[in-house]
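Trainee: Make the full structure from the sequences, and use the hints.
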Amino acid sequence: MTSGPWQRMDLLARQLMPSMLTLVLVIINVVPLHIPGFSRVAPLLPLIAVYHWAAFRPRLLPAYAVFLIGLFQDILTGAPIGVNAFVFLAVYGAVLSQKRFFIGKSFFILWLGFSLIAAGASVISWVLVSAFHLTLVEPRTVFFQYLLTLGVFPAVAWLFLRWQRAFLRLD
Amino acid sequence: MRQGTKFVNRLAQPIKSLAQRFAFMGLLMAAFGMMILGKVDVLLMDSIRAHVTDAVAPILDVLSRPIDSVSKAVDHLRELADLRDENQRLRENQARLLQWQAVARNLEAENRILKGLLNYVPGPEPSFITGRVIADTGGAFAHGLILNAGARDGVVRGQAAITGDGLIGRVAGVGDRSARILLITDLNSRIPVLVGSERTRAILAGNNSDHPRLIHLASGETVSAGDRIITSGHGGAFPPGLPAGLVASVNDGGISVQPFVRRDRLEVVRLLDFGLAGILALPKPSADPKSNSKAGDHKGARARKP
Numbered sequence: 001m002t003s004g005p006w007q008r009m010d011l012l013a014r015q016l017m018p019s020m021l022t023l024v025l026v027i028i029n030v031v032p033l034h035i036p037g038f039s040r041v042a043p044l045l046p047l048i049a050v051y052h053w054a055a056f057r058p059r060l061l062p063a064y065a066v067f068l069i070g071l072f073q074d075i076l077t078g079a080p081i082g083v084n085a086f087v088f089l090a091v092y093g094a095v096l097s098q099k100r101f102f103i104g105k106s107f108f109i110l111w112l113g114f115s116l117i118a119a120g121a122s123v124i125s126w127v128l129v130s131a132f133h134l135t136l137v138e139p140r141t142v143f144f145q146y147l148l149t150l151g152v153f154p155a156v157a158w159l160f161l162r163w164q165r166a167f168l169r170l171d
Numbered sequence: 001m002r003q004g005t006k007f008v009n010r011l012a013q014p015i016k017s018l019a020q021r022f023a024f025m026g027l028l029m030a031a032f033g034m035m036i037l038g039k040v041d042v043l044l045m046d047s048i049r050a051h052v053t054d055a056v057a058p059i060l061d062v063l064s065r066p067i068d069s070v071s072k073a074v075d076h077l078r079e080l081a082d083l084r085d086e087n088q089r090l091r092e093n094q095a096r097l098l099q100w101q102a103v104a105r106n107l108e109a110e111n112r113i114l115k116g117l118l119n120y121v122p123g124p125e126p127s128f129i130t131g132r133v134i135a136d137t138g139g140a141f142a143h144g145l146i147l148n149a150g151a152r153d154g155v156v157r158g159q160a161a162i163t164g165d166g167l168i169g170r171v172a173g174v175g176d177r178s179a180r181i182l183l184i185t186d187l188n189s190r191i192p193v194l195v196g197s198e199r200t201r202a203i204l205a206g207n208n209s210d211h212p213r214l215i216h217l218a219s220g221e222t223v224s225a226g227d228r229i230i231t232s233g234h235g236g237a238f239p240p241g242l243p244a245g246l247v248a249s250v251n252d253g254g255i256s257v258q259p260f261v262r263r264d265r266l267e268v269v270r271l272l273d274f275g276l277a278g279i280l281a282l283p284k285p286s287a288d289p290k291s292n293s294k295a296g297d298h299k300g301a302r303a304r305k306p
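Sequence lines, in order, name chains C and Z. At position 162 of the first sequence (counting the first as 1) the number is 162 in our numbering, and the numbers step up by one without a gap. At position 236 of the second sequence (counting the first as 1) the number is 236 in our numbering, and the numbers step up by one without a gap.
For the record, the hints were derived by calculation from the structure and aren't laboratory data. Small disclaimer: the values here were computed from a predicted structure and weren't measured. Any given hint might turn out to be false.
Some, not all, of what chain Z presents toward chain C, calculated at C-beta under 7 Å [stated by the list, open to error]:
| id | residue |
| --- | --- |
| 1 | F24 |
| 2 | G26 |
| 3 | M29 |
| 4 | A31 |
| 5 | S47 |
| 6 | L187 |
If you only want the chain C side, here are some residues facing chain Z, beta carbon under 10 Å, derived [to be verified]:
| id | residue |
| --- | --- |
| 7 | M17 |
| 8 | V30 |
| 9 | P32 |
| 10 | L60 |
| 11 | Y64 |
| 12 | A90 |
| 13 | S106 |
| 14 | V129 |
Using N, Cα and C, we set each Cβ at its ideal position, and we do this for glycine too.
Mentor: Structure representation (C-alpha cells):
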C-alpha cells in the first residue's frame, strides 16, 4: 500500500472519526429542544457511542479518547467533573473485557448487552454524584434517562453501523 | 532465530496488555482524582468549565438557532389553533387587570406621598444584560443553562437570571462570551425568599426535581398552598422582590414549590445587573472619560430599565 500524503490524511480522518462523532454527540445532547420535561431525561447519546465503538472498533476509540470525551461531557453538562469520565471508562473497560461475547452477535443481543451495561453505568453515576453532593440525588430521573437512552439505542447504533460499513470497509 | 522472535512475541504480548491495563487503570484513577479535586478546588474547576464552554459556545449558538425557529413555528401553529379560546381568556384577563391597574395607580400615588414624607432613598435601578439560551445542560444530575453572553457583555458571577415570568436562577460561571446559569431547581441552588403576604422568611432549595423545596422556615411560621414566593434580598445576592414561584403543596415530606418559569420555554434570559457590583464598577469622578465611554461600547445590549 502506497502512503502518499492524501492517503495518510484519509487514514487519519477515518481513525479520528469515531472520537469526533462521539464529541459531536456530546454537543448535540445539550442543544435546547424546547420539549417539556425532556432536557432532564435526555438520552445519554455519548454513552451509546462509547459502547458501540468499544464493541466494534476499540482501536479507533482509545481509552484516553474515552476519558477526554467523558471530561468534555462533565464540563458541558455541569455534572461534577470526572463522573462521566469515570463512567464512560468503566463502560469501555466492561465491553472490552467481554469482547468475545459481542463478536458476531445479533443486533438484539447487542441491545440486551447495552441494557445491562447502561444500567450499571446509571447506578455508578448515581452513586458517584450522590457521594459528591453528600446527599441522595433524585433516582427517578436517572431511571427515566436510562429508559430513554435504551429507547434511542437502536436508531443511533444503526446510524453508526451504516457509517462503519460505508467508511471503514478497508479496516 | 525464528524461535527467538516467537519467544519475544510471546513475552511482548502480555507486557503490552499489562501496559494497556495499567494505562486504563491510571485513567480511571485520574477521573476519580478529578472528582476529588473538584470537591477541593471549586474555583479551578469553574475556570476550566468557563474556558471549555467558551470554546464551544459559537458551535452551540449556531446549532440552537434552527431549533429555536422550529419551536417558534410549532408554537405559532398551536396559537393559531386555539385563537378563539385565547381571545376569550385574554378578554376576561383584561377586565380583571383593569381593576388591578386602578388599585395599583392608587397605591402608587399613596406610595409616592409616603416616600416623600419619609425622605425615602430608592435602591439602585437594575440594568439588564440579555442573552440567548444556547444549551440546556444537565440531565439527571444538574440543572443549568448556557447563555451566549459573557464577561465582555458585562456578565458577572452571582447576577440573578430572570424572564418575564420570574426568577430562573443565577450566574454560576462566566467565560468571555458565555455564561453558565444555575437554575433554582438545581441541587446546589439555595435562595433566601419571602413567602406569602406574611413575608415569612425561608430558603428556596433546589433538589434536582421540577419542584424545589422551602427549607429553614422560622419556627412557628406556617405557609399554605398557593402562597407567592419572592426573593428577599437577604445576603445581598439577589435583588429583593423577584417572583420565584408558588407554594404547590405542604405536607410531612416538606413544602414543595411550583416555579413560575418553565424550563423548556426558555429562549431568551435577562441577567439583572444590580446592587453592589454595579456600585463598585462605577468609575471614580477623577477617572478619565475615555474608559467610561468604552464601558458603554459593550456588544451586549445593556438597557436601563425605564
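Trainee: Take the hints in turn and mark each one as holding or not.
Mentor: Status of each hint after checking the structure:
| no. | hint | verdict |
| --- | --- | --- |
| 1 | F24 | holds (5 Å) |
| 2 | G26 | violated (9 Å) |
| 3 | M29 | violated (9 Å) |
| 4 | A31 | holds (4 Å) |
| 5 | S47 | violated (11 Å) |
| 6 | L187 | holds (6 Å) |
| 7 | M17 | violated (18 Å) |
| 8 | V30 | holds (4 Å) |
| 9 | P32 | holds (4 Å) |
| 10 | L60 | violated (15 Å) |
| 11 | Y64 | holds (6 Å) |
| 12 | A90 | holds (7 Å) |
| 13 | S106 | violated (29 Å) |
| 14 | V129 | holds (5 Å) |
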